[in-house]
Amino acid sequence: MTLHTLRVEKVSIWKKGRLALAPLFILLLINFAAFAQIETMLGLYRYNPQWINPAYVGINGQNDITLVHRTQWVGIEGAPKTTGFNSSFVWGENKGFGASALVDQAGPVKISVFNADFAYHAKLNENWMFSGSIRGSLGNVNLELAGLKLTDGTDSYFLTNRSTGVTPNLGWGLLFSKNKDGLFFSLSQARLAKYNFGDLNGTFKDVPYFYFMTGTKIPMGGKVTNSDGKSVNRFTLYPSLLFRIAHDVPLSTDLNLNGNFREKLDLGVSIRQGDSFGIRLGVQATKKLYVGYLFEMPTSAIKSVSTQSHEIALRMSFLPKAKSNSNEVKSNEK
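Sequential numbering of the sequence shown, starting at 8, is according to our numbering.
Don't read these hints as lab results, they were simulated from the structure.
Certain hints may be false.
[As the list claims (entries may be wrong)] List time: in silico PhoX-like cross-link candidates among lysine-lysine, alpha-carbon distance up to 25 Å:
id	residue 1	residue 2
1	K271	K295
2	K187	K294
3	K237	K295
[What the hints assert, rightly or not] Here are the simulated distance ranges between beta carbons:
id	residue 1	residue 2	range
4	G143	K271	21 to 29 Å
5	F250	G139	19 to 27 Å
6	N132	S234	29 to 37 Å
7	A292	V173	46 to 54 Å
8	F192	L274	38 to 46 Å
9	S234	P175	28 to 36 Å
10	I319	H254	14 to 22 Å
11	G143	F183	38 to 46 Å
12	L262	W135	24 to 32 Å
13	E151	K271	41 to 49 Å
The C-beta atom is built at its ideal place from N, Cα and C for all residues, glycine as well.
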């Protein structure tokens with residue numbers, strides 16, 4: 008699901024008693040009353056972990072460009088929609104760089120972010136690699152209040168839109184990965200600073216997140232030769248966990264289990280505690296094109312008005328791998 012909701016202090020709305028809230032806005036307030044966050048979270052991050060940790064740029068020995076689109080809570084007017092892209096490029100023997108951009112719209116809240124990532128990959132020994140990274144970003148949050156339907160059209164509070172302006176930010180990421188069995192530990196903070204709402208900082212609140220992710224791979228069924236003559240695992244399981252941690256915000260936990268067939272087909276499930284259940288499908292359509300899809304069903308209060316969300320991603324790999332161990336390292340992305 009997309010975690011992008013901006014908490015609006017209830018006193019600012021209910022004391023006025025003049026806002027005819029759309030159903031979506033009411034649901035956002037109810038569903039996230041305990042949260043204070045402006046954070047975009049895509050469901051297919053296991054296929055493309057650069058979204059939450061810049062340490063993954065350049066790690067798989069090839070250059071990738073990924074496009075993604077997510078439509079959440081189908082059937083609700085003004086429901087969240089996210090569109091974005093990211094790129095990852097190899098730079099020399101042990102470096103990577105990339106860029107990403109996201110536009111996230113949920114009712115009156117619009118978030119636009121551009122990131123530039125750099126990572127350095129150091130081989131610690133025959134099995135372990137350490138990756139460290141830094142992210143520079145520009146972000147903007149618009150509150151399009153003037154477009155809301157009001158019972159009192161003269162209320163000056165809602166006559167103009169609000170914006171943080173373009174805000175520079177920094178982020179970082181760390182990754183320890185083990186080539187032979189795919190074990191990895193990932194820790195990142197996508198942005199360090201909060202958005203500034205000026206004289207409205209007491210009304211609109213924001214909390215940056217830490218992301219901790221860990222997982223491994225479990226080969227099963229022995230080796231087979233696929234259609235292009237490559238020896239691959241017949242079947243591989245990729246279990247993983249993701250924790251989102253922030254001050255004064257409930258811990259958010261994701262459980263993912265993905266199965267890969269002959270490096271051609273991915274099938275998986277994901278559970279976000281108290282929020283949603285998802286089914287994922289991925290196909291290596293050609294040597295250069297990978298297609299991922301997520302169908303998600305809410306398990307929170309939203310399920311009373313919407314039963315589905317959809318996300319699709321296209322990943323294009325347009326240069327061959329440059330490292331002999333790239334297959335094992337890339338497996339951490341599944």
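Structure-based check of each hint:
1. Of the pairs offered as hints, the one joining K271 and K295 holds, with about 12 Å between alpha carbons and a cut-off of 25 Å not exceeded.
2. Under the criterion of a C-alpha separation no larger than 25 Å, the hint pairing K187 with K294 is consistent with the structure, at around 23 Å.
3. Distance restraint check for K237 and K295: the Cα-Cα separation of roughly 16 Å lies within the 25 Å cut-off, and the hinted pair is therefore satisfied.
4. Distance hint check: the CB atoms of G143 and K271 are about 37 Å apart, inconsistent with the given range 21 to 29 Å.
5. Between F250 and G139, the C-beta spacing of about 20 Å keeps the proposed range 19 to 27 Å intact.
6. Checked against the hint of 29 to 37 Å, the C-beta distance between N132 and S234 comes to roughly 35 Å, which is consistent with it.
7. Taking 46 to 54 Å as the suggested C-beta distance range, the pair A292 and V173 does not conform, at roughly 37 Å.
8. A hinted range of 38 to 46 Å for the beta carbons of F192 and L274 is inconsistent with their spacing of about 25 Å.
9. The hinted window of 28 to 36 Å between S234 and P175 is violated, with their beta carbons roughly 48 Å apart.
10. Distance hint check: the CB atoms of I319 and H254 are about 34 Å apart, inconsistent with the given range 14 to 22 Å.
11. Checked against the hint of 38 to 46 Å, the pair G143 and F183 fails, with Cβ atoms roughly 23 Å apart.
12. The given range of 24 to 32 Å is respected by L262 and W135, whose C-beta atoms sit roughly 25 Å from each other.
13. Here the CB-CB span from E151 to K271 is close to 44 Å, well matched to the stated 41 to 49 Å.
Violated hints for the displayed structure, listed by number in ascending order: 4, 7, 8, 9, 10, 11.
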